[in-house]
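Using the hints provided, position chain X relative to the given structure of chain R.
Single-letter residue listing:
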Amino acid sequence: MSGHSTWPEWVYIGVVVALLVWVGAESWNVERLVDHVPADAEVIKVTGQQWFWTFEHPDGTKEIGELHLQKGKPYKFEITSKDVIHSFNIPDYVVLQDAVPGRINTVWFVPKDTGEFPIQCREYCGLIHYNMRGTLYVEDTA
Amino acid sequence: MRKIFGLSCILTILFVVPTVQYVLAAGDEPGEYLDRRVEIWNLFFRLMTVAFVIGAVVSGTLIWLVLRFRESNPKAKPTKYEEAGEW
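Order-wise, the sequence lines are chains R and X.
Using the numbering used here, you'd call the opening residue of the first sequence number 1 and step up by one each time.
Using the numbering used here, you'd call the opening residue of the second sequence number 1 and step up by one each time.
Bound-form chain R, shown alone (with noise of 0.2 Å):
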């Protein structure tokens, strides 16, 4: 063996350990209190398709490329697809979730601001990819 002193080795190492485990304890955690859907969220099934977007609320009213939500109030999107591969997202509210053939994922949030709100498709999906828009209206609750 070397005879010069390894404990700075093993400090670099410690760090560089500690360091990684923080950065996956951080991760791990945030992702789990995001993923925590409330119990009173309202379902809002959206379906992708090229290329446009299709809201279907609780009662059964449908909307096409836009959606009218209510401030304050949670919401959770399942998320699907009726051909090919397209991502879900609202950029203002960091809602991204990919719309899936034959597979329903799920992502939720509470609009805390009024306003009008793009959503865009995030996924490249075919020719009109990049028209692949809507607009979230977030209204005040009545």
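Be aware that a few hints might be false.
Unchecked claim - What the simulated footprint calls covered on chain R by chain X, stretch by stretch (three residues with Cβ under 8 Å from a Cβ of chain X suffice, anywhere in the stretch; the number is not a length):
#1 52-65
#2 89-101
Stated by the list, open to error - Calculated cross-link-like contacts (lysine to aspartate or glutamate; reagent style EDC-like; alpha-carbon spacing at most 16 Å):
#3 R/LYS71 with X/GLU86
#4 R/LYS76 with X/GLU83
#5 R/LYS112 with X/ASP35
#6 X/LYS3 with R/ASP92
#7 R/LYS73 with X/ASP35
#8 R/LYS112 with X/GLU86
Hint data in this document are derived by calculation from the structure and do not stem from the laboratory.
Everything numeric in this text was worked out from a predicted model, so none of it was measured.
For every residue, glycine included, the Cβ atom is placed at its ideal position computed from N, Cα and C.
Chain X only, in chain R's frame:
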């Protein structure tokens, strides 16, 4: 003594400070309606802070190493292999 001091500084920074911070922030745990924007962007900024600090420390160490052990440094002395003419 210096080793123990250095080691305790590192351990304090790595474990004690985050633990204290975690305990103090315990009341701030988001409720049922957390704002995912806040959670996700805060995580992003925390991880970016760590990434940039590590980058600064690693590149700083390398710069110091290159400057300190260059041949033209007045403090430089030959290694035992160079002294023995083996290299």
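Comparing the hints with the structure gives:
Three residues within the 8 Å Cβ limit are the bar, and the stretch 52-65 of chain R against chain X gives 0, so the coverage statement is violated. With 4 residues having a beta carbon nearer than 8 Å to a beta carbon of chain X, the stretch 89-101 of chain R meets the requirement of three or more and the stated coverage holds. The straight-line distance between the Cα atoms of R/LYS71 and X/GLU86 is roughly 77 Å, outside the 16 Å bound, and the hint therefore fails. A hinted pair counts as satisfied when its Cα atoms are at most 16 Å apart, and R/LYS76 with X/GLU83 does not qualify at roughly 73 Å.
At roughly 8 Å between alpha-carbon atoms, R/LYS112 and X/ASP35 fall within 16 Å of each other, so this suggested pair holds. Of the supplied pair hints, the one linking X/LYS3 and R/ASP92 is violated, its CA atoms being roughly 49 Å apart against a limit of 16 Å. Of the pairs offered as hints, the one joining R/LYS73 and X/ASP35 holds, with about 12 Å between alpha carbons and a cut-off of 16 Å not exceeded. Pair hint R/LYS112 plus X/GLU86 does not hold up; C-alpha atoms about 72 Å apart against a cutoff of 16 Å.
Taken one by one, the earlier hints fail for this structure at numbers 1, 3, 4, 6 and 8, listed in ascending order.
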